[in-house]
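Asker: So the chains spell out like this:
There are 2 protein chains.
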Amino acid sequence: MLLTKYYNADTLYLKEYNVKQRIGQPEILKEINRTHVLDIIKRERVVSRAQLARITSLSRATISLLVDKLLTIGVVEEIGRGESSGGRPPVLLKFIPDSAFAMGAHMYDSDWSMVVTNLDAVVRRSITLHIEQNSPRGAIDTLKRGIEILTSEFSGKMLLPAIGLGTPGLVDIHTGTIKSAVDVGWAEVPVKKILEEETGLKTFVANRSKVGALAELWYGAREGIKDLIYISIGTGIAAGIIHQGKLYIGTNSSAGELGHVTIIPDGPLCPCGNRGCLQQLVSEQAIATRARQLLRENSRSRLHKLAGNHPEMITVYHVLKAADEGDELALSILDESAEYLGIAVANLVNLFNPELIVLGGPVGQSSRILTDKLAEKVRLRAMAYPLSAVQIVTSSLGSYSGAIGASVLVLQQANRLIFQ
Amino acid sequence: MLLTKYYNADTLYLKEYNVKQRIGQPEILKEINRTHVLDIIKRERVVSRAQLARITSLSRATISLLVDKLLTIGVVEEIGRGESSGGRPPVLLKFIPDSAFAMGAHMYDSDWSMVVTNLDAVVRRSITLHIEQNSPRGAIDTLKRGIEILTSEFSGKMLLPAIGLGTPGLVDIHTGTIKSAVDVGWAEVPVKKILEEETGLKTFVANRSKVGALAELWYGAREGIKDLIYISIGTGIAAGIIHQGKLYIGTNSSAGELGHVTIIPDGPLCPCGNRGCLQQLVSEQAIATRARQLLRENSRSRLHKLAGNHPEMITVYHVLKAADEGDELALSILDESAEYLGIAVANLVNLFNPELIVLGGPVGQSSRILTDKLAEKVRLRAMAYPLSAVQIVTSSLGSYSGAIGASVLVLQQANRLIFQ
DNA sequence: TCTATTTGTTTATGCTATTGACAAAGTATT
DNA sequence: AATACTTTGTCAATAGCATAAACAAATAGA
Chain A
-10 MLLTKYYNAD TLYLKEYNVK QRIGQPEILK EINRTHVLDI IKRERVVSRA
40 QLARITSLSR ATISLLVDKL LTIGVVEEIG RGESSGGRPP VLLKFIPDSA
90 FAMGAHMYDS DWSMVVTNLD AVVRRSITLH IEQNSPRGAI DTLKRGIEIL
140 TSEFSGKMLL PAIGLGTPGL VDIHTGTIKS AVDVGWAEVP VKKILEEETG
190 LKTFVANRSK VGALAELWYG AREGIKDLIY ISIGTGIAAG IIHQGKLYIG
240 TNSSAGELGH VTIIPDGPLC PCGNRGCLQQ LVSEQAIATR ARQLLRENSR
290 SRLHKLAGNH PEMITVYHVL KAADEGDELA LSILDESAEY LGIAVANLVN
340 LFNPELIVLG GPVGQSSRIL TDKLAEKVRL RAMAYPLSAV QIVTSSLGSY
390 SGAIGASVLV LQQANRLIFQ
Chain B
-10 MLLTKYYNAD TLYLKEYNVK QRIGQPEILK EINRTHVLDI IKRERVVSRA
40 QLARITSLSR ATISLLVDKL LTIGVVEEIG RGESSGGRPP VLLKFIPDSA
90 FAMGAHMYDS DWSMVVTNLD AVVRRSITLH IEQNSPRGAI DTLKRGIEIL
140 TSEFSGKMLL PAIGLGTPGL VDIHTGTIKS AVDVGWAEVP VKKILEEETG
190 LKTFVANRSK VGALAELWYG AREGIKDLIY ISIGTGIAAG IIHQGKLYIG
240 TNSSAGELGH VTIIPDGPLC PCGNRGCLQQ LVSEQAIATR ARQLLRENSR
290 SRLHKLAGNH PEMITVYHVL KAADEGDELA LSILDESAEY LGIAVANLVN
340 LFNPELIVLG GPVGQSSRIL TDKLAEKVRL RAMAYPLSAV QIVTSSLGSY
390 SGAIGASVLV LQQANRLIFQ
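Line by line, the protein sequences are chains A and B. Just so you know, the first sequence maps onto residues -10 to 409 in the working numbering. Just so you know, the second sequence maps onto residues -10 to 409 in the working numbering.
Calculated from the structure, these hints are not laboratory results. Heads up, none of these hints are tricks.
Which copy is meant is left open, so a pair is good if it fits within one copy or across any two.
Straight-line alpha carbon distances no greater than 25 Å define the calculated DSS-like cross-link-like pairs of lysine-lysine that follow:
1. Lys146 - Lys191
2. Lys215 - Lys168
3. Lys215 - Lys235
4. Lys58 - Lys83
Sequences and hints are given; from them, build the entire structure.
Answerer: The structure is reproduced here in structure tokens:
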């Protein structure tokens, strides 16, 4: 059964048995490319059919057929002729990001932040609704109110009757169930099932850090990045991992629990049972506690005034602000946090070898100083080779990043829907 | 552009524009399944065409066509009729693992261990060749000698004119270049290029831990596992990560550098520049050094005798043997190692959420005691939810695991070659 | 014995992508 | 200005894959 090499215009034949059949890379690439024609148009923004044929290695005839469909649907438009390169000038096709929209919602601090984004994951409408009653029922009812508002405004313009959700806690992505959310005290809430039954909308659910990572992949990070890690720092710490353009889920969909990585083997006890978890050292609570403790020893810091002379009222945001204003004490607190965080992030660099690490979440996105200090600490600990590939930045997506990422859960289905 | 749901025999139609086109899951599943018919036959070992049709949701007609090809090639054979379930009895198809073979080689301690495996990654022939001259040239010449021996023995029975290599150091998987191998003192060796030019064999290269992980995925671990981490413990420590049945590579193909994860933030300095790396605490060297140190304080241990009363000659293997025999000192050394390793592995569980963790490499595969102690330590540190999904075991593949995994680099191409 | 069920193959059909031919619309050369 | 050469996009004919429908083969069960 030797499959002898027998090249013929980039194809291999099973020679010995004379089974005439194409094998090898090129065909597979075409396979992949065909389903991703829209991705290419989206990336290039303006392309001609001939260009698409070259990029995908599909024939011009095939591209014409595919483009016809996209024109009918309205995802692309012809915008006149381009420059000739010695022959007939090409007809330019332009991607129309506002030809369809997707809905996403993110729950945080007993609020739903909801957005409608276009095909580029750019926000076109956003609302925030307060959840009056802290219960799964209360949250879902509030969400349904928001869905009604947004669907009525974008009636007929949605890509799909669907919604993406970012929720707190451990979420089983496949069943769309919140397994446990310590922050709000919920467990075993089958969000997907409930919402699909009550609204008829196809529902996609993932947790905060995972949707955050998707938001960065689609809209935040620079073009072409396929391996990134988004770190959400708030009341907890978690990472969303993207590998080759796809979410890294794990067996239980619980991959990326960065907050419970061990930093100090015999450190403080964590509710998770471990000692010295990152989350016990760096989080909204931990940083505030550390600030109060240090302020007792040194009350000359600006922090004192920022917190209205009530040291017990200090929050992490006072610390971040004081650091921005150059306060020594605040800077030293951030330095310590960056040190701990640096150990965890250097481990991520060594283990995952990402192209980009994005700091987000309420705390992470609020301070470039923290990011800069972190990058410095990571440089001291990570291995040279993976380190050379990675860049560490602050998220630029703001507070709607969760909802944007949630809408990406829907946008991801676009290709699959428009073609195939 | 609302794509209204409009179910019809598991297909969706773009209603509004009346583009009659199948979309949604089922078609995509078929797509995937079609290229994986061989995988299913391999998994089931004995199946009928009708069964295959049900599993893949392809039509019986299509399955017949695909099976015909496999019969021609010889990968499956008809082995008579099965039991009737109230109708015509099925013709049973049997997977023939020895219908083709693949070659793999693994370099370790200035030896090439080489194997020829069948389609199940079961070793059918193995040889070990000593590399006389420690240089890329010397290693490749020795390898070529081995290739000649094996190809002549299996002439005409190989799946492909190809070879898989497991090498030390950091390897760029895409170009097949050893970027740097500290153990042997090499850098920038384009192994793939050299070997392809000099032998005409298509060459696939990966490092020790990555091929080890592939070996476990294909041959070692129990059926159906798609998310596993293989940890190779020897002179260094590294992890090979499999996610959804595929190697996790990273941007630089340097993912999985577990040896340089920080365990003790202010621990001993590592040549990599970091402090308290796992590799400084648990490795052949580190364990032996620790044993010598402890033996100076307590010379009653069996270890003393095992090392021929020369404490300075103690190796990690003496320690493992003494522990097997119940020696207190050796057990306490392993306990300490397991403690360090446990921190790293608990982090892996929290970050990657794997189904299985396999301990391998010269040290890792030699001791069930170490594995058991490790599992115990991990249970104390990892989060309950991901922990519930994971199992920690010792590799059962023995010293040829590297070469087996290397041959898997070739076997992975089988489907792509036989179909498509 | 007869009917229902299951399996595997054959035939006609539909869909997708391709090739090759060709028209359209430019540039370059004489 | 006329001609040759390029490049682009479309059309028609064709190949290949998968399917449905029909059918034959082989059984279980009444």
